Amino acid sequence: MASKIASTKNVKNQTALLAAGHWLMLSVAINVGFLLKLIHDGNLRIDWYGLHNGQDNGGHLSSYAAEPKPDGQIQNKYINLDHGDPTMYQSYWKQMGDRTDVVISGWQSVSYFSDTKTVCWFLEPGFANAVTRLHKLVGNAETGNRHIVVGTGSTQLFQAVLYALCPYDAPEPMSIVSAAPFYSSYPLITDCLKSGLYKWRGEVDDFNKEAPYIELVTSPNNPDGSIREAVFNGSGQILVHDVAYYWPQYTPISSRADHDIMLFTLSKSTGHAGMRLGWALVKDEAIAKKMVKFIEISSIGVSKDSQVRAAKIMDVINDSYEDSKTSNESKRFFDYAREEMAKRWSQLREVVNKGQAFSLPTLPVGECNFSHQTFATQPAFAWLKCEQVDDCESFLKKHKILTRGGVHFGSSKKYVRASLIGHEEDYNEFIRRLSLINSVESP
Numbered sequence: 309m310a311s312k313i314a315s316t317k318n319v320k321n322q323t324a325l326l327a328a329g330h331w332l333m334l335s336v337a338i339n340v341g342f343l344l345k346l347i348h349d350g351n352l353r354i355d356w357y358g359l360h361n362g363q364d365n366g367g368h369l370s371s372y373a374a375e376p377k378p379d380g381q382i383q384n385k386y387i388n389l390d391h392g393d394p395t396m397y398q399s400y401w402k403q404m405g406d407r408t409d410v411v412i413s414g415w416q417s418v419s420y421f422s423d424t425k426t427v428c429w430f431l432e433p434g435f436a437n438a439v440t441r442l443h444k445l446v447g448n449a450e451t452g453n454r455h456i457v458v459g460t461g462s463t464q465l466f467q468a469v470l471y472a473l474c475p476y477d478a479p480e481p482m483s484i485v486s487a488a489p490f491y492s493s494y495p496l497i498t499d500c501l502k503s504g505l506y507k508w509r510g511e512v513d514d515f516n517k518e519a520p521y522i523e524l525v526t527s528p529n530n531p532d533g534s535i536r537e538a539v540f541n542g543s544g545q546i547l548v549h550d551v552a553y554y555w556p557q558y559t560p561i562s563s564r565a566d567h568d569i570m571l572f573t574l575s576k577s578t579g580h581a582g583m584r585l586g587w588a589l590v591k592d593e594a595i596a597k598k599m600v601k602f603i604e605i606s607s608i609g610v611s612k613d614s615q616v617r618a619a620k621i622m623d624v625i626n627d628s629y630e631d632s633k634t635s636n637e638s639k640r641f642f643d644y645a646r647e648e649m650a651k652r653w654s655q656l657r658e659v660v661n662k663g664q665a666f667s668l669p670t671l672p673v674g675e676c677n678f679s680h681q682t683f684a685t686q687p688a689f690a691w692l693k694c695e696q697v698d699d700c701e702s703f704l705k706k707h708k709i710l711t712r713g714g715v716h717f718g719s720s721k722k723y724v725r726a727s728l729i730g731h732e733e734d735y736n737e738f739i740r741r742l743s744l745i746n747s748v749e750s751p
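Going by our numbering, the sequence shown opens with residue 309, and the numbers climb by one from there.
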């Protein structure tokens with residue numbers, strides 16, 4: 309009898325445990341389903357890219373793991389202005405509807421090859437035509453008698469240029485230099501592979517120029533927006549011009565850039581960073597061929613699908629300016645982008661000028677041959693100086709504003725680079741916080 313009672317109790321216990329397990333599984337499923345729905349509906353944004361240089365942002369998981377959409381809670385989150393993620397352009401392309409839609413059939417992009425008659429055999433003809441057309445429209449670069457080399461963003465093109473320019477049999481690595489403040493990724497990209505062909509040497513003014521070297525000329529400059537020319541013109545000097553920001557939303561187009569090697573990127577021209585496309589305009593065919601060889605070795609070409617989509621977007625921009633029937637249907641891209649940058653810079657300068665906590669560089673004013681407007685350079689980044697503290701990056705981080713410190717650009721810790729091309733709600737909150745800091749910090 310006792311054994312029967314015990315058996316009955318065991319059965320009941322097992323049943324209870326089984327029921328509890330079912331309820332636990334059901335609860336987990338409901339919560340996971342709810343979480344996925346939030347992500348899908350856009351009420352929860354996962355920011356996977358937030359960390360930079362190993363920083364954990366003070367252990368604040370909410371800064372990166374789960375950022376709510378703007379509903380008043382934005383005031384409690386970290387604003388990431390470290391990256392130049394051009395999400396400002398998203399609203400414009402949304403209003404364009406299906407004009408930039410592209411249908412790619414399953415049989416397309418099967419072959420590695422695009423046009424074997426050209427130096428860059430993976431360059432899609434439609435993309436090459438769209439690039440040439442866009443430069444002709446804007447008037448920012450000479451394309452005649454040049455080879456177009458397409459790459460996975462300007463980062464790969466930069467690596468391809470170094471590979472192409474540095475001799476294999478040199479007794480020591482070629483020196484790579486740039487005037488400070490220089491783009492913070494130049495040292496990282498140059499030295500990441502520890503190549504025997506080239507080596508980052510830093511500030512061009514501090515460099516011994518007796519041996520051949522490559523000078524990187526970024527104009528408009530990242531991070532400070534200045535208009536740059538080569539520091540020296542020595543016999544052993546090779547120039548590479550990074551003109552990613554030479555577009556009419558950032559600076560007046562005064563002339564067509566006419567350099568031996570010019571690097572451009574889609575991310576800063578049209579705002580499509582996720583397509584990972586850039587292009588180089590190269591005079592010397594031998595250099596272009598070596599660049600193509602590097603891309604062939606490293607990635608066996610560049611995505612055809614991305615090129616097709618990019619060509620469509622650039623053609624839509626071109627058509628809006630060239631076709632009078634469509635030009636009045638909506639605001640054209642460069643007009644929108646220039647006005648948006650002007651608005652943001654006006655707001656930023658107004659806030660900075662109200663106090664003594666910060667300062668901004670004075671940028672050149674000129675007439676733009678494209679827009680026929682006279683305006684000051686309005687860069688994608690603000691080169692912000694903290695006047696009353698020595699470590700500007702750490703100071704702003706205490707106010708939940710994430711920036712990139714001046715030391716990464718070969719400059720002082722009193723400076724930071726802050727992106728101005730992010731989402732509007734983030735930019736507006738940045739302005740609000742700067743205004744509060746200025747009112748407290750200034751006498």
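No lab work stands behind these hints, which were simulated from the structure alone. Keep in mind that this is a model prediction, so the values were computed, not measured. Do not take every clue at face value.
[Claimed, not checked] With a straight-line Cα cutoff of 27 Å, these simulated DSS-like cross-link-like pairs (lysine-lysine) come out: (1) Lys601 / Lys385; (2) Lys639 / Lys402; (3) Lys598 / Lys507.
Original post:
Looking back at the hints listed earlier, which ones does the structure fail to meet?
Top reply: 1
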